[in-house]
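Q: Each chain, letter by letter, is given below.
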Amino acid sequence: MTDRRSAVAELAQAIGTDADQPVAHAGCYFFVSYDLAGATEFKAREPARWPAIFAAFYEVAASEVETRLPQSCLWKFAGDEVLFYLRLEGGVPSLQVAVEAAYQAMIGALKGLAEKYPKDWHGGASDAGPRQRHGQAQLSIKATAWTAAVGDGAAVGGAGPAIELDPMPNRMVIGLANGRGGGVDFLGPEIDAGFRIGKLAWPGILTVSAECAYLAFEFGTPPFAKRMNIVGYESLKGVWRQRP
Amino acid sequence: MVTLIARRKIAALADGIRSQLELGVPVDVEAAVASLGGRITEEDGFAFAACVVKGPHADGSDFHIVVRPKAQHPQRFRFSVAHELGHLFLHMGYLIRPEAWARCGDYRDSVRFRSGYTAEELAANEFAGVFLMPETEFCAALDDAVTDEGLININKVAAVFDVSVSAAEYRGRRLGIF
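Chains as they are written, first to last, in my numbering: chain A, 1 to 244; chain B, 1 to 178.
Here chain A stands alone, though its shape is the one from the complex (with noise of 0.2 Å):
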């Protein structure tokens, strides 16, 4: 090896690339998911187009995210959705920020994928139900954000990953990868009411839980209070009745 390459080796073997240090979970989160509206039509309407398509909608709604909250981290990829997290280490000021740029994010990307395949996607809200061009329903993203509260506990052994059960009750993260940040997933039923909430999702508009939208309030008007509005009320299955 030459001088330079073990020079850049040696700087390089300094500086690490270990983007996955072990992380402290304790702490307020927000999730955010953008879900591809009108996916399974699409997939059967054009079975040689939707792979490139699709591919475009995760980098492009991950580059957004990443731009505009660049302190999150990708939680996972499922089916026709990408999630993020992000622990708030700012408090309800970092909330309001988080919700307005996960706002965004959503409207960036609708922009940027209808810009590029305008005869696929459709570029903004919908309130009238699915869009169509020509017949046939353009894709869309439905966008969920939600709060939930992780704090430290022990750690549950076994054969599969580790679960880190929460000292507050119905809580929990469960942290694969022994606990380093690429690996952590969530699980519980503030997670579940996430998902729930996620049902009840419009293309084109981003839908905040109860819970996010009164922290988003409790201390001030945000930007976007004007932007909000109260769709319905909905009993979600399983979440409440367990609530402590």
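Keep in mind that the hints were calculated from the coordinates and are not lab data.
Possibly wrong hints are sitting among the right ones.
[What the hints assert, rightly or not] With a Cα cut of at most 27 Å, we get these calculated BS3-like pairs of lysine-lysine:
#1 Lys43(A) - Lys76(A)
#2 Lys226(A) - Lys199(A)
#3 Lys116(A) - Lys70(B)
#4 Lys226(A) - Lys116(A)
#5 Lys43(A) - Lys116(A)
#6 Lys116(A) - Lys156(B)
[What the hints assert, rightly or not] Some but not every residue of chain B turned toward chain A, in silico, with C-beta under 7 Å:
#7 Ala12
#8 Leu13
#9 Ile17
#10 Gly24
#11 Gln72
#12 His73
#13 Leu95
#14 Ile96
#15 Arg108
#16 Arg173
[What the hints assert, rightly or not] Per label pair, the in silico range of CB-to-CB distance:
#17 Leu175(B) - Ala52(A): 48 to 54 Å
#18 Pro26(B) - Ala210(A): 21 to 27 Å
#19 Asp106(B) - Arg4(A): 23 to 29 Å
#20 Gly55(B) - Ala210(A): 53 to 59 Å
#21 Phe217(A) - Ala159(B): 24 to 30 Å
#22 Pro223(A) - Arg103(B): 55 to 61 Å
#23 Lys119(A) - Arg173(B): 26 to 32 Å
#24 Arg8(B) - Ala210(A): 32 to 38 Å
Yeah, the Cβ is synthetic: ideal placement off N, Cα and C, and Gly gets one too.
We have chain A; now place chain B onto it with these hints.
A: This is chain B only, laid out in the frame that chain A set:
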């Protein structure tokens, strides 16, 4: 997803490598690859966007970066090479994690070839952006590109680094300038 911590590390890595190789701007990516013990192969018609073929190779190189011909899109060529260097260090462990390098196979840059595509793509883009457009020089280029109307001529900025306008815009966004 590239977290803030990871971004800082990636930036330190890209800056450090460029500095060790004594490269100025516009960065000579071909010289960079040669100095690192690799070789660039220009090909067309393959199924993936680009790839890193792990060595050792018969020509003595440790890796080959396979990209589309430079003549087709010179600026894209430069960004692609820098992007693949990102994969080489960040995801294959070249010179950094010998055990990972020993274990890994070729790196094919396409959504069809692997999972985790987006997260790794973003990390490699981050590396390429920093490698080709160092922050200090980028900010200086912005200052030089301010028009009489107070706007930034992004074409002029891109020309300084011999990158596409979209690459320069992306770098500016990542630095929180635009």
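Q: State, for the Cβ atoms of Lys119(A) and Arg173(B), whether the hinted interval 26 to 32 Å holds or is violated.
A: The hint (26 to 32 Å, Cβ to Cβ) holds, given that Lys119(A) and Arg173(B) are roughly 27 Å apart.
Q: Holds or violated: the 32 to 38 Å window for the beta-carbon distance between Arg8(B) and Ala210(A)?
A: For Ala210(A) against Arg8(B), whose Cβ atoms are near 36 Å apart, the range 32 to 38 Å holds.
Q: With the threshold set at 27 Å, check whether the alpha-carbon distance from Lys226(A) to Lys199(A) stays at or below it.
A: At roughly 24 Å apart (the allowed maximum being 27 Å), Lys199(A) and Lys226(A) satisfy the hint.
Q: Is the distance from the Cβ of Asp106(B) to the Cβ of Arg4(A) consistent with 23 to 29 Å?
A: holds, 25 Å
Q: I want to verify a distance hint. Is the separation of the beta carbons of Leu175(B) and Ala52(A) within 48 to 54 Å?
A: violated, 30 Å
Q: Given the proposed pairing of Lys43(A) with Lys116(A), does the C-alpha separation stay at or below 27 Å?
A: Holds, because 18 Å separates the two Cα atoms, which is no more than 27 Å.
Q: With respect to the beta-carbon atoms only, verify the hint that Pro26(B) and Ala210(A) lie 21 to 27 Å apart.
A: violated, 53 Å
Q: Should the hint that Phe217(A) and Ala159(B) are 24 to 30 Å apart at their CB atoms be regarded as holding?
A: violated, 48 Å
Q: Per the CB criterion, is Leu95(B) less than 7 Å away from chain A?
A: Interface hint status for Leu95(B): holds (4 Å vs cutoff 7 Å).
Q: Hey, Lys116(A) versus Lys70(B), does the alpha-carbon distance stay inside 27 Å?
A: holds, 25 Å
Q: Would the stated hint for Gly24(B) survive a check requiring a Cβ distance to chain A of less than 7 Å?
A: violated, 16 Å
Q: Is the hinted pair Lys116(A) and Lys156(B) satisfied, with a Cα-Cα distance of at most 27 Å?
A: holds, 25 Å
Of the numbered hints stated above, those contradicted by the structure are hints 4, 10, 11, 12, 15, 17, 18, 21 and 22, listed in ascending order.
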